[in-house]
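Turn these sequences into a full structure, and let the hints steer you where they fit.
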Amino acid sequence: MPITHIIYLTPFFADSHATHIEAVLILKAPNIKAGKALWEYETIFGNVPSYKYEGNLVASDRSGPLPIIRRQDDKDPTVEQWRASRDTDGDVTLTLHARPRDVDINTPTGPRSDLRCDQGGLIGGVRSFLPRPDGSDTYRFVVEWDLSNAPGGTRAVWSYGEGPEPVVKEGPIGMLWNTVLMVGPINSSPPAFAQGSERECSTYWFGTLPPYLDAVKDFPRELFVCAAPFFEAEHDNYSVFVRKVVRGFGGTSFEASYVLEYSEDAASKSDCVLVNLLTHEMVHTWAFIGGEEDGSQNSWFLEGIAQFYALYLPVRFGLRGVDYFIETLNGFLSAYYTNPKINISMDEAESTFYADFYAESISYMRGFVYLLVQDALLTDSRPPTDARGNALDTIVLDFARRQRRGEVVTSKDWLEALYPWVGKERADTEYRNMLAGETIDLSGIATSLTTLGMPLKLERVEQEIFEVGFDPLTMNSRVVTGLRAGSRAELAGLQNGDKLIKTSSVWECRDRMDKNFSFVVERDGERVHREFWPRSFQTASSFQCTLDV
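Counting from 1, one number per residue, gives the positions in the sequence shown under full-length UniProt numbering.
Since the hints were derived computationally from the structure, they do not count as laboratory data.
Nothing here was measured: the structure is a model prediction, and the numbers come from that model.
Don't take every hint at face value.
With a cut-off of at most 25 Å between alpha-carbon atoms, the simulated SDA-like pairs for lysine to any residue come out as follows [what the hints assert, rightly or not]:
{"id": "1", "residue 1": "LYS217", "residue 2": "ILE173"}
{"id": "2", "residue 1": "LYS75", "residue 2": "THR352"}
{"id": "3", "residue 1": "LYS269", "residue 2": "GLY291"}
{"id": "4", "residue 1": "LYS341", "residue 2": "ALA355"}
{"id": "5", "residue 1": "LYS457", "residue 2": "VAL479"}
{"id": "6", "residue 1": "LYS515", "residue 2": "ARG484"}
Ranges between beta-carbon positions, derived for each pair [claimed, not checked]:
{"id": "7", "residue 1": "GLY444", "residue 2": "ARG523", "range": "45 to 53 Å"}
{"id": "8", "residue 1": "LYS28", "residue 2": "LEU319", "range": "37 to 45 Å"}
{"id": "9", "residue 1": "MET454", "residue 2": "THR410", "range": "48 to 56 Å"}
{"id": "10", "residue 1": "GLY207", "residue 2": "GLU462", "range": "43 to 51 Å"}
{"id": "11", "residue 1": "GLY321", "residue 2": "ASP380", "range": "20 to 28 Å"}
{"id": "12", "residue 1": "PRO67", "residue 2": "LEU319", "range": "39 to 47 Å"}
{"id": "13", "residue 1": "THR93", "residue 2": "GLN72", "range": "35 to 43 Å"}
{"id": "14", "residue 1": "VAL408", "residue 2": "ARG62", "range": "31 to 39 Å"}
Note that beta-carbon positions come from the ideal geometry of N, C-alpha and C, so glycine has one too.
Now the structure itself:
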């Protein structure tokens, strides 16, 4: 029998704005011995700190108060164990009060997990302010909201459905811990969640969406009704949460949901950029493999396969056309081949993900290019079938089925799936070279590009290497440092010590050869506006896709 874990959530308001959340956690008869963990609390996720609970925590059970002993986990220093000070007696109840994170223009971008204020409401990942049950058991999670004292029109949503009535899900701890909560004056598309529907996808936001986001607010539902059956997720629901932030643009995937964030001064995004991001984050729900015992996250597969299907699925499902495919593919290829850190190892890319701007995209783009080649090899070596789609599909769908059954799938399973078709020696060699950082050659992969029935070809080209020209961490400190002598940034008039007031998206410049980086700096009491092309004067050998007409 699964252990029942109940979460009662009550939002508090001041002047009709949500200020914090009270969470009452109830573990039904966990039978935990003294000194053993009742819950675990993740203190940081990536570079995003969780809410910090000060002072002593005291739960209660049938025998009365139950002080909680807080200890750092022996194996993971980012995890805090919340242990029982004595044997538990019956149900255990713990009440917590969590407030949103204080953020400003200097707050670095990272996983969109922290609890934040947004236009009168609150939104955040469960992992950032609530503990998870300890252990690998199956749980029956019940999430219920108390909105009795909330302003009229207040709505409350969990990744798996809308409250305030109880929403019940059964599964591993990630089914609660890696999800999203949102409460306040929520708008949505469709306007109301179809509770109990077989397959529903809803988009939620506060306030008024900017026109470029409003134009694609229904795209997740259009994609979901095609992608869910494709990945054989027959009865899933899905939620897209949109939040407005001080600075940044991007998304983070959670269980059955993802968070998309945008800022007031973010430039309008193209349909191609938005469809790519929305598809990428949804694919994470079904296409993935686990990490390795040595700590490797296999991010080359996690991000690479999401990029792969973000390219193919919108076109395969008839949601976008050949223009989307070519623009997206060319952006991915430019980002891979013109990255000045193209040859660092995957271990280094993972370990410096939040500290090295150029390393951040390695797992995405190298993983994608590697999988593009493997798909071509599989296409060439396997007998054709009717409507097979991409050759990778069979492997990815097999992994998804196995993981739904609770199996752990890793890189070993990936290689074993390749051996019958690619050959062990070639599969192992190309895998090792990819991890080591050897540049991947795309010569001769045109076969895989024809799987969509489009006359496409890849051509080798020379492209200028991506170069910001100053320390990219300046984007967080907002004071320019590390200006590179002779760079286009210096030639545009940027100086060390300049205070950054406003910038365009440097990340978008990485994928687009035609994008300039614009900025407003304050210097000697005056504001200066400039822009430059964030590219080196040196080139790299790259590939680009065109119609073969």
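Here's how the hints hold up against the structure:
| no. | hint | verdict |
| --- | --- | --- |
| 1 | LYS217 / ILE173 | 30 Å, violated |
| 2 | LYS75 / THR352 | 21 Å, holds |
| 3 | LYS269 / GLY291 | 33 Å, violated |
| 4 | LYS341 / ALA355 | 13 Å, holds |
| 5 | LYS457 / VAL479 | 44 Å, violated |
| 6 | LYS515 / ARG484 | 20 Å, holds |
| 7 | GLY444 / ARG523: 45 to 53 Å | 51 Å, holds |
| 8 | LYS28 / LEU319: 37 to 45 Å | 44 Å, holds |
| 9 | MET454 / THR410: 48 to 56 Å | 34 Å, violated |
| 10 | GLY207 / GLU462: 43 to 51 Å | 45 Å, holds |
| 11 | GLY321 / ASP380: 20 to 28 Å | 26 Å, holds |
| 12 | PRO67 / LEU319: 39 to 47 Å | 55 Å, violated |
| 13 | THR93 / GLN72: 35 to 43 Å | 25 Å, violated |
| 14 | VAL408 / ARG62: 31 to 39 Å | 37 Å, holds |
When held up to the earlier numbered hints, the structure conflicts with 1, 3, 5, 9, 12, 13 and fits the remainder.
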